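Protein sequence lines, in the order shown, are assigned to chains A and B. Going by the numbering used here, 104 is the number at position 104 of the first sequence; the sequence numbering is gapless. Going by the numbering used here, 231 is the number at position 231 of the second sequence; the sequence numbering is gapless.
A couple of the hints might just be wrong.
[What the hints assert, rightly or not] The list that follows gives simulated cross-link-like pairs (lysine-lysine, BS3-like), each with its CA atoms no further than 27 Å apart:
hint : chain 1 : residue 1 : chain 2 : residue 2
1    : A       : Lys-461   : B       : Lys-271
2    : B       : Lys-160   : B       : Lys-229
3    : B       : Lys-229   : A       : Lys-457
4    : A       : Lys-419   : B       : Lys-247
5    : B       : Lys-157   : B       : Lys-229
6    : B       : Lys-324   : A       : Lys-20
7    : B       : Lys-105   : B       : Lys-324
8    : A       : Lys-419   : B       : Lys-231
9    : A       : Lys-419   : B       : Lys-160
10   : A       : Lys-457   : B       : Lys-235
11   : A       : Lys-446   : B       : Lys-247
12   : A       : Lys-457   : B       : Lys-324
13   : A       : Lys-419   : B       : Lys-271
[As the list claims (entries may be wrong)] Listed next, the stretches of chain B that the computed footprint assigns to chain A, with coverage defined by at least 3 CB atoms under 8 Å from CB atoms of chain A:
hint : segment
14   : 141-154
15   : 243-250
16   : 257-267
17   : 275-288
18   : 314-320
No lab work stands behind these hints: they were computed from the structure. Model, not experiment: these values are computed from the prediction. A virtual CB, placed ideally from N, CA and C, is assigned to each residue, including glycine.
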Amino acid sequence: MKAFAELLDRLILTPSRNAKLRLLVDYCRTTPDPDRGYAVAAITRDLDIMNVKPAMVRTLMEQRVDSVLFQYSYDFVGDLAETIALIWPVHGAEQMPDLKLSPVVEELRSASRSDGPKLIEKWLDQLDDQGRYALIKLITGGMRVGVSSRLMKQALGDYGGKDVTEIEELWHGLKAPYLDLFDWLDGKADKPENLAPSPFRPVMLATPTDEEELAKYTPSDYIAEWKWDGIRVQLTSQRGVTRIYSRTGDDISHSFPDLVAAVDFDGSIDGELLVGHMRNGKVGTGTFSDLQQRLNRKTISAKKQKEFPVFIRAYDLLQDGQEDLRGLPLVERRKRLELFLQHLPTERFDLSKQIEFSQWNEIAELRLNPPDPVIEGVMLKRKDSVYVPGRPKGPWFKWKRDPMLIDAVLMYAQRGHGKRSSYYSDYTFGVWSGEQDNPQLVPVGKAYFGFTDEELKQIDKYVRDNTIDRFGPVRSVRAEPQHGLVLEIAFEGLNKSSRHKSGVAMRFPRISKLRWDKPASEADWLPTLEMMLN
Amino acid sequence: MEPEELLRPTPKGLYCPPAGFYIDPVRPVDLALVTHGHADHARSGNKKVIATPETLNIMAIRYGQDFAGQRSSAVFGEVMDINGVKVSWHPAGHVLGSAQISVEKDDMKIVASGDYKRRQDPTCAPFEVVQCDVFITEATFGLPVFHHPDDRDEIAKLLKSLEQFPERAHLVGAYALGKAQRVIALIRQAGYHEPIYIHGAMQQLCSYYESQNIDLGRLEPATVDGGDKAKFAGKIIIGPPSAFADKWARRFPDPVSCFASGWMRVRARTKQRGVELPLILSDHADWDELTQTIKDTNAKEVWVTHGREEALVRWCELNQIKAKPLNMVGYEDEAE
Numbered sequence: 001m002k003a004f005a006e007l008l009d010r011l012i013l014t015p016s017r018n019a020k021l022r023l024l025v026d027y028c029r030t031t032p033d034p035d036r037g038y039a040v041a042a043i044t045r046d047l048d049i050m051n052v053k054p055a056m057v058r059t060l061m062e063q064r065v066d067s068v069l070f071q072y073s074y075d076f077v078g079d080l081a082e083t084i085a086l087i088w089p090v091h092g093a094e095q096m097p098d099l100k101l102s103p104v105v106e107e108l109r110s111a112s113r114s115d116g117p118k119l120i121e122k123w124l125d126q127l128d129d130q131g132r133y134a135l136i137k138l139i140t141g142g143m144r145v146g147v148s149s150r151l152m153k154q155a156l157g158d159y160g161g162k163d164v165t166e167i168e169e170l171w172h173g174l175k176a177p178y179l180d181l182f183d184w185l186d187g188k189a190d191k192p193e194n195l196a197p198s199p200f201r202p203v204m205l206a207t208p209t210d211e212e213e214l215a216k217y218t219p220s221d222y223i224a225e226w227k228w229d230g231i232r233v234q235l236t237s238q239r240g241v242t243r244i245y246s247r248t249g250d251d252i253s254h255s256f257p258d259l260v261a262a263v264d265f266d267g268s269i270d271g272e273l274l275v276g277h278m279r280n281g282k283v284g285t286g287t288f289s290d291l292q293q294r295l296n297r298k299t300i301s302a303k304k305q306k307e308f309p310v311f312i313r314a315y316d317l318l319q320d321g322q323e324d325l326r327g328l329p330l331v332e333r334r335k336r337l338e339l340f341l342q343h344l345p346t347e348r349f350d351l352s353k354q355i356e357f358s359q360w361n362e363i364a365e366l367r368l369n370p371p372d373p374v375i376e377g378v379m380l381k382r383k384d385s386v387y388v389p390g391r392p393k394g395p396w397f398k399w400k401r402d403p404m405l406i407d408a409v410l411m412y413a414q415r416g417h418g419k420r421s422s423y424y425s426d427y428t429f430g431v432w433s434g435e436q437d438n439p440q441l442v443p444v445g446k447a448y449f450g451f452t453d454e455e456l457k458q459i460d461k462y463v464r465d466n467t468i469d470r471f472g473p474v475r476s477v478r479a480e481p482q483h484g485l486v487l488e489i490a491f492e493g494l495n496k497s498s499r500h501k502s503g504v505a506m507r508f509p510r511i512s513k514l515r516w517d518k519p520a521s522e523a524d525w526l527p528t529l530e531m532m533l534n
Numbered sequence: 001m002e003p004e005e006l007l008r009p010t011p012k013g014l015y016c017p018p019a020g021f022y023i024d025p026v027r028p029v030d031l032a033l034v035t036h037g038h039a040d041h042a043r044s045g046n047k048k049v050i051a052t053p054e055t056l057n058i059m060a061i062r063y064g065q066d067f068a069g070q071r072s073s074a075v076f077g078e079v080m081d082i083n084g085v086k087v088s089w090h091p092a093g094h095v096l097g098s099a100q101i102s103v104e105k106d107d108m109k110i111v112a113s114g115d116y117k118r119r120q121d122p123t124c125a126p127f128e129v130v131q132c133d134v135f136i137t138e139a140t141f142g143l144p145v146f147h148h149p150d151d152r153d154e155i156a157k158l159l160k161s162l163e164q165f166p167e168r169a170h171l172v173g174a175y176a177l178g179k180a181q182r183v184i185a186l187i188r189q190a191g192y193h194e195p196i197y198i199h200g201a202m203q204q205l206c207s208y209y210e211s212q213n214i215d216l217g218r219l220e221p222a223t224v225d226g227g228d229k230a231k232f233a234g235k236i237i238i239g240p241p242s243a244f245a246d247k248w249a250r251r252f253p254d255p256v257s258c259f260a261s262g263w264m265r266v267r268a269r270t271k272q273r274g275v276e277l278p279l280i281l282s283d284h285a286d287w288d289e290l291t292q293t294i295k296d297t298n299a300k301e302v303w304v305t306h307g308r309e310e311a312l313v314r315w316c317e318l319n320q321i322k323a324k325p326l327n328m329v330g331y332e333d334e335a336e
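Make a model of the complete structure from these sequences and hints.
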């Protein structure tokens with residue numbers, strides 16, 4: 001538990017992806033089975049153990065600590081799990097032999113609900129404060145350490161010298177503590193066979209492109225499709241098990257019971273998950289903000305399901321019954337897909353249509369005037385491309401619509417993390433609103449990339465020279481009509497937001513240019529943004 | 001005699017009416033008794049200062065030779081008479097030269113402990129328990145959540161990270177007086193003998209510690225000659241915490257920011273400061289040390305100052321010891 005607890009604490013505080021990977025790889029290298037497998041499962045949230053409510057742990061604690069002292073402590077620390085871990089009145093556990101993670105997990109798996117408190121009390125007595133914190137996070141299911149399931153798989157790949165897509169493909173057939181996986185990664189056994197129904201098939205990704213690059217390729221080698229602004233999913237159904245995967249292989253089926261219920265086939269479809277939306281009496285394609293009503297939810301009410309029905313705009317077929325189609329050229333797969341879709345309910349599955357064209361400039365023009373506001377660009381795919389995992393350069397391109405641009409004024413700057421901890425590198429910017437003769441800045445977004453290292457130094461200097469107030473790591477920067485730094489902000493879309501004072505929220509904002517030349521008074525106004533709402 | 005007749009809190013600091021002195025005054029007074037050299041306890045501009053020789057030296061380093069009109073050395077264990085009040089000095093174990101001050105008249109003995117800790121520290125004399133009627137205790141870490149771990153484990157975390165990230169500089173934030181030298185001494189005890197690089201602000205105090213026969217090993221200035229960043233890869237650099245947000249920190253390759261402080265116990269504080277590797281090392285007593293010390297002194301009454309007074313007062317109530325908070329202002333220890 002000591003090594004696991006230490007790992008969690010370091011992951012929470014480590015900002016850099018590479019440093020996280022190193023911590024995870026080192027942990028796998030130095031920790032024996034089955035502990036390391038359980039740790040991996042805890043981090044990817046694939047560990048199926050008895051869940052305990054924080055209130056139960058609190059009750060245990062109240063029998064040991066004066067409630068007034070507890071309240072003072074909780075007020076100071078601010079986090080219940082941490083307060084309990086720190087205040088638990090047993091010291092000297094540092095000297096005791098380390099309690100292993102595996103017996104804890106195994107006992108929790110087999111324990112009945114009524115055994116819970118006794119077990120937990122016993123362990124809390126045996127652990128030091130760091131271990132207690134890890135235990136409480138483990139049993140209350142609050143393992144938020146800034147490591148995605150994808151990053152964990154990457155670390156496992158790094159550890160065993162394997163490609164991450166191989167791990168993704170296997171993942172849903174594996175069970176904690178992953179002994180067969182580690183044997184393979186350690187070179188002691190063959191790759192485990194994936195016996196699970198409906199496994200994830202690592203997805204094929206496109207590289208960004210532009211007109212200049214496309215000139216090197218022959219238009220007739222490619223087909224074109226619209227790039228819809230939804231989320232990329234893979235819907236697989238085999239042997240009666242239906243799963244919807246995100247493009248990184250996370251199982252997101254639980255958010256879409258309506259779509260799962262509509263599945264009655266054997267196969268695997270690659271497509272864009274979108275939400276339907278009533279518009280002018282017709283069902284149209286909903287925007288990304290409509291779709292957000294359905295994302296990242298544990299459960300989804302019947303009302304939401306009805307209001308925001310989801311469907312898949314299919315563009316590829318990877319599996320048809322017993323047949324793996326991934327080795328066929330794209331045009332063949334498209335034909336099979338069209339046939340396959342004929343038997344599927346049209347309100348849940350439709351075909352991503354091809355765009356007719358003969359020259360690249362036709363595509364360039366269409367891209368500027370797409371027939372639907374929910375289109376964010378075009379996809380170009382080689383007709384003879386087989387389906388391979390990862391992002392090979394050449395067979396598939398995405399050519400996105402140009403980003404939206406506004407000129408905003410820098411308002412606040414916050415110190416960065418890691419490499420950037422001595423730089424003010426996270427910027428909040430605003431646009432003007434209110435009366436023409438008494439304009440006020442209202443914050444509309446935050447960005448922390450898009451500039452070069454040299455530009456970062458310049459902005460950092462500007463922030464330090466123009467600070468008017470400080471709150472912890474944040475500085476408030478002078479921003480008036482006659483004095484302020486104008487930033488050109490690029491973003492992918494704008495949604496309505498009741499959580500922001502400005503009423504709008506940007507998607508994927510970044511700094512595209514520093515407008516040292518532009519007076520702050522000439523930055524954009526909020527109504528300009530409101531007109532861009534989609 | 002009531003204890004308040006012998007020592008009482010005033011806006012200038014703890015005042016002893018029969019003798020006319022103040023302990024750790026926050027504003028200039030005629031006669032100041034100073035427990036230790038940290039800036040919130042030792043200030044310049046008093047007419048006369050009495051303190052241990054080390055504290056007087058530290059004050060001279062920080063404020064210049066003219067920090068007080070007159071100065072007088074106090075020796076541990078000796079009793080001095082100030083206008084009929086018996087005053088004696090005892091080690092507090094906080095930093096080099098730190099003292100508790102015992103004040104006694106008639107049947108009343110009060111010990112003002114200043115800042116203190118109980119665990120072993122290679123850079124200063126260990127805390128001495130003094131039996132008294134009233135014990136004045138600090139409460140910087142006066143909550144039962146504060147339990148400082150073993151120093152050696154914390155140093156081991158640092159050394160492990162050096163091995164794990166040999167291409168990154170390890171920047172350790174540490175208070176310039178006391179903490180910095182203790183961290184260095186602990187690193188040496190753990191068997192690390194590479195040069196340690198120090199920020200300019202620590203130079204004088206480190207030299208002073210060395211002149212007092214405290215071995216800190218090889219120290220080098222953390223300056224870059226000819227822009228050679230790479231020489232700091234996998235090295236330990238010690239600087240005041242405030243310097244980390246400063247341009248100073250940019251000379252180091254991809255630094256791991258570490259902070260040696262008792263506050264690192266609380267994860268939210270660690271995160272808020274952008275610390276990547278917290279080292280829980282404190283020069284103050286933790287909760288168990290505070291409560292144990294109160295018991296050890298056999299004091300009938302406890303006065304609690306600077307920190308989380310209410311929790312320690314509550315503990316005294318639960319243990320049937322009379323206690324009150326002093327509510328004195330001007331003693332802050334955020335950088336501890």
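How the hints compare with the structure:
{"no.": "1", "hint": "Lys-461/A <-> Lys-271/B", "in the structure": "25 Å, holds"}
{"no.": "2", "hint": "Lys-160/B <-> Lys-229/B", "in the structure": "22 Å, holds"}
{"no.": "3", "hint": "Lys-229/B <-> Lys-457/A", "in the structure": "18 Å, holds"}
{"no.": "4", "hint": "Lys-419/A <-> Lys-247/B", "in the structure": "12 Å, holds"}
{"no.": "5", "hint": "Lys-157/B <-> Lys-229/B", "in the structure": "24 Å, holds"}
{"no.": "6", "hint": "Lys-324/B <-> Lys-20/A", "in the structure": "48 Å, violated"}
{"no.": "7", "hint": "Lys-105/B <-> Lys-324/B", "in the structure": "21 Å, holds"}
{"no.": "8", "hint": "Lys-419/A <-> Lys-231/B", "in the structure": "17 Å, holds"}
{"no.": "9", "hint": "Lys-419/A <-> Lys-160/B", "in the structure": "20 Å, holds"}
{"no.": "10", "hint": "Lys-457/A <-> Lys-235/B", "in the structure": "25 Å, holds"}
{"no.": "11", "hint": "Lys-446/A <-> Lys-247/B", "in the structure": "23 Å, holds"}
{"no.": "12", "hint": "Lys-457/A <-> Lys-324/B", "in the structure": "52 Å, violated"}
{"no.": "13", "hint": "Lys-419/A <-> Lys-271/B", "in the structure": "15 Å, holds"}
{"no.": "14", "hint": "141-154", "in the structure": "holds (count 8)"}
{"no.": "15", "hint": "243-250", "in the structure": "holds (count 7)"}
{"no.": "16", "hint": "257-267", "in the structure": "holds (count 4)"}
{"no.": "17", "hint": "275-288", "in the structure": "holds (count 5)"}
{"no.": "18", "hint": "314-320", "in the structure": "holds (count 3)"}
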